[in-house]
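Peer 1: Since chain W is already given, all that's left is putting chains L and F on it; use the hints.
Protein chains in written order, with the numbering used here: chain W, 276 to 448; chain L, 24 to 472; chain F, 29 to 231.
A portion of the hints provided could be inaccurate.
Listed next, the in silico EDC-like pairs over lysine to aspartate or glutamate satisfying Cα-Cα at most 16 Å (straight line) [claimed, not checked]: (1) W:Lys368 <-> W:Asp296; (2) L:Lys326 <-> L:Glu290; (3) L:Lys445 <-> W:Asp296; (4) W:Lys325 <-> L:Glu290; (5) F:Lys209 <-> F:Glu76; (6) F:Lys181 <-> W:Glu432; (7) L:Lys313 <-> W:Asp296; (8) F:Lys155 <-> F:Glu228; (9) L:Lys252 <-> L:Glu169; (10) W:Lys325 <-> W:Glu363; (11) L:Lys313 <-> L:Glu348; (12) W:Lys325 <-> W:Glu347.
I should point out that these hints are in silico values taken from the structure, not numbers from a laboratory.
All values derive from a computational prediction rather than experimental measurement.
Listed below, chain by chain, are the residues.
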Amino acid sequence: MPDATGLELIAREVRERVADDAVVGATLAHGQAMLEVRPETIVNVLSYLKHDAAEPFDFLASLHGCDYLPEEPRLGVHYQLLNRVRVERLGVKVRTTVEEPEIPSVVDLYLGANFQKRKVFDFFGVIFTGHPDLRRTHMPEDYEGHPQRRDFPIGGEPVLFTFNEHEGPYRDA
Amino acid sequence: MPDPVTGDEVTGDGSQVTGLGATRADSNGAPNPLDTPYRQREESISLSRMEAPISGTQVEQESELFTINMGPHHPATHGVLRLLLTLDGEMVREMLPIIGYVHTGIEKSCEDQSYWKVIPFVERMDYLSYYFNAMAYCTAVETLLEEEVPPRAQYLRVIHMELNRIASHLFWLGTSILDLGAMSMIFYALREREIILDLFEMSSGQRLHPRYFQVGGVMEDIPPGFEGKVREFLTIMPERLDQYEALLDRNEIFLQRMKGVAVVSREDLLGLGVTGPLLRATGDPWDLRKAAPYSSYDHFDFKIPVGTVGDHYDRYRVRMAEMRESLHIIEQALDGLPEGPWITDNRKIALPPRHELATSMEATIHHFKLVTEGFRVAPGEVYSAIESPRGELGCYVLADGSSKPARVHIRDPSFSNLQSLKLMGEGSLIADLIASIAMLDPILGGIDR
Amino acid sequence: MEITRSGNGAPGDFRASQLRARQMLRGDIEDTELEEYVQSRLLVTTFEKAQSWARSNALFPLGFGLACCAIEMITTLAGPRSDLSRFGAEVTRASPRQADLLILSGRISVKMAPVIRRIYDQMLEPKWVISMGACASSAGMFNNYALVAGADKFLPVDVFVPGCPPRPEALNYAVIKLQDKIQGHPDMGWRQRYGAEGTEEVA
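Same shape as in the complex, but just chain W:
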């Protein structure tokens, strides 16, 4: 993992190359480096990290979403990058709100992001502008709602004991 100075260097380079206010925060916790950037600049940041950085992070290990309720902005998308030469991982995080959940898509940079972005759209409702085919992956295509948001009810049936066995099988929201 890049250590503290390495992370500081990366954050500074990103600020210089991309935009002054691109980097919102850089944290190093439990030996793992996490860089938080603003959503509009994500394409430039990732393309800098992939092509122009001194040690390029050219492998996208994982792209996943996260719901930070009750903190605002709520929805987060994490890009987990890997530098195979030095075996260093860097997490890049962007956060948006539920009302305007648009993030530019980096499918041209990392082809493997295709399915993973669709999955984030399916479960969190984050819309990736510029994605060639943004459909739901896991839920049926006409499903309403985004299941993995924290205010979506977990669903399922209540377990029937003797005190509630006369209720219907469907749990209220």
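Peer 2: Chains L and F in isolation, oriented as in the chain W frame:
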């Protein structure tokens, strides 16, 4: 010398010069197919033969694209994978995978359970490599807690994970060769898998999905006869692997279906985020056990098998060689198994041993807190990755200070590997597509979570 | 069905019965002896019993696996140690039109339920369903939005097998119970023991 039946001249290299050639020319003057040697003739169809397959008749050439659904219930898709194929004759022109038919909402359910209870949920994702799922999650939580795993537990984890790797590759071998048509492999592969499942039952009581890995170590020490049985398995397994290779390696049909088929380049795979035996078959020696060693894998000496060309035969060979390397690792782990505790001593995370509950009040309180509420984890987020039989299995845990995780996400290798099916499948025949799905080794439980 | 064997297996018995059969064919046995001879070799049953005996011992399972229970199902059906072909269920058909036993092995998600119903409808009568595992019988441990809580919400199920995943021996036991049910004397379990027959709910 003349062939006794037809009077033809038979030359030394097997080609025939027919004595009847001059009298049997095609009616439209095309070169006589019998002039070329048999093997060469069967390998390709010349254009003239396509245009007039039966001499004397004219057949129209029509090509029409036909979309068919290789549905979720299919004997050869490994699980409930649905493919929408657009076919031109037998050639696949376009392929669209549709997943989600076994989506279980595991990640959302995990947010409702305490950290200890998440382990059985996470185990059921990639249901052939259950120890790996639990290991990825436990490693992530241990990183969040900054907890040390005792060395005996690390070695025990390595032994169980490598046994699971062999079991997973054996099941892959049986079912994928069954898809190709050779039915006997599955019986042999399952025979060895039964021995491994007996070993798992010996150590934890369950064949599949044992909750053996816990946060901080393993649930219980191995019983006294375990090591003997594992060594017995290690002595018989190499010759069984030789038997499997003897069945397949010189089988003409198998080689023709595997060699040179579905070659995908390394750059394409890296762009898609594919790891595991698929990437190693193209020649890239990327293995997280060597690159970023976890759980004392750096104490063991083993090789990483890589392929050269990147076709199906290399993928098959890489997995067979990985099984042998796993046997080597297990042997080294058994030889060097250290004494000591099998789970961390920190009573705030691991249950105290039962004999202490009768004497110590503190132990009873710890037990009560752990079983009812579970341990709390300070806020933070962590991504940790291990090498599962299919590739990089990563786990992301977001903790918010309570006793339940706020987000658990598993980066499943089959989900990324599935995107390479398009590269392997488009432009190939349906039979090659079946072989591609088989060699890709997708596990739909991991893809769909 | 009861099949009794005459004689006690002593060495000369087979030769003796051969000679007796030859005598019968030549017409050498008369009257009451002939009646006794024929009765001891006759199997009397109703047509339904014979038909259900044949059906139960020649089940054609559909090759249908959903999730982790499918691994144990394959180990049971095709595995070398526990082999379902001992009970006649050897031929696993790929097409639902040719199969008569549907073993639902694995979790049934909301997207897959209509597919399973369609496959069940395509099977021809008579057909039976074994719901294998906890996830197919109820939702198992996954009580959430994504699963249908039990296959009996949209299919009639004959045998439920608990376990996560059930051992191969458990699936064998389930097939034996199904065979009993097909032959007309289903094992009512605790209802039989406590005299509570007739209290089943039919949904």
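Peer 1: Run every hint past the structure and note whether it holds.
Peer 2: Now for the hints, and whether the structure bears them out:
Of the pairs offered as hints, the one joining W:Lys368 and W:Asp296 holds, with about 15 Å between alpha carbons and a cut-off of 16 Å not exceeded. Between L:Lys326 and L:Glu290 the alpha-carbon distance is near 23 Å, which puts this suggested pair outside the 16 Å criterion. Restraint check for L:Lys445 and W:Asp296: the C-alpha separation of about 39 Å exceeds 16 Å, so the hint is violated. Only pairs whose Cα atoms come within 16 Å are accepted, and W:Lys325 paired with L:Glu290 is accepted, the gap being roughly 14 Å.
The hinted pair formed by F:Lys209 and F:Glu76 meets the criterion: a straight-line CA distance of about 13 Å does not exceed 16 Å. Proposed proximity of F:Lys181 and W:Glu432 is supported: the alpha carbons are some 12 Å apart, at most 16 Å. For the suggested pair L:Lys313 and W:Asp296, the alpha carbons sit about 38 Å apart, so the restraint of at most 16 Å is broken. The hinted pair formed by F:Lys155 and F:Glu228 fails the criterion: a straight-line CA distance of about 21 Å is larger than 16 Å.
At roughly 35 Å between alpha-carbon atoms, L:Lys252 and L:Glu169 are farther apart than 16 Å, so this suggested pair is violated. Among the hinted pairs, W:Lys325 with W:Glu363 is consistent with the structure: their alpha-carbon atoms are about 13 Å apart, no more than 16 Å. For the given pair, L:Lys313 sits about 13 Å from L:Glu348 by alpha-carbon distance, which is consistent with the 16 Å threshold. Only pairs whose Cα atoms come within 16 Å are accepted, and W:Lys325 paired with W:Glu347 is rejected, the gap being roughly 29 Å.
This entry does not satisfy hints 2, 3, 7, 8, 9, 12, going by the numbered hints stated previously.
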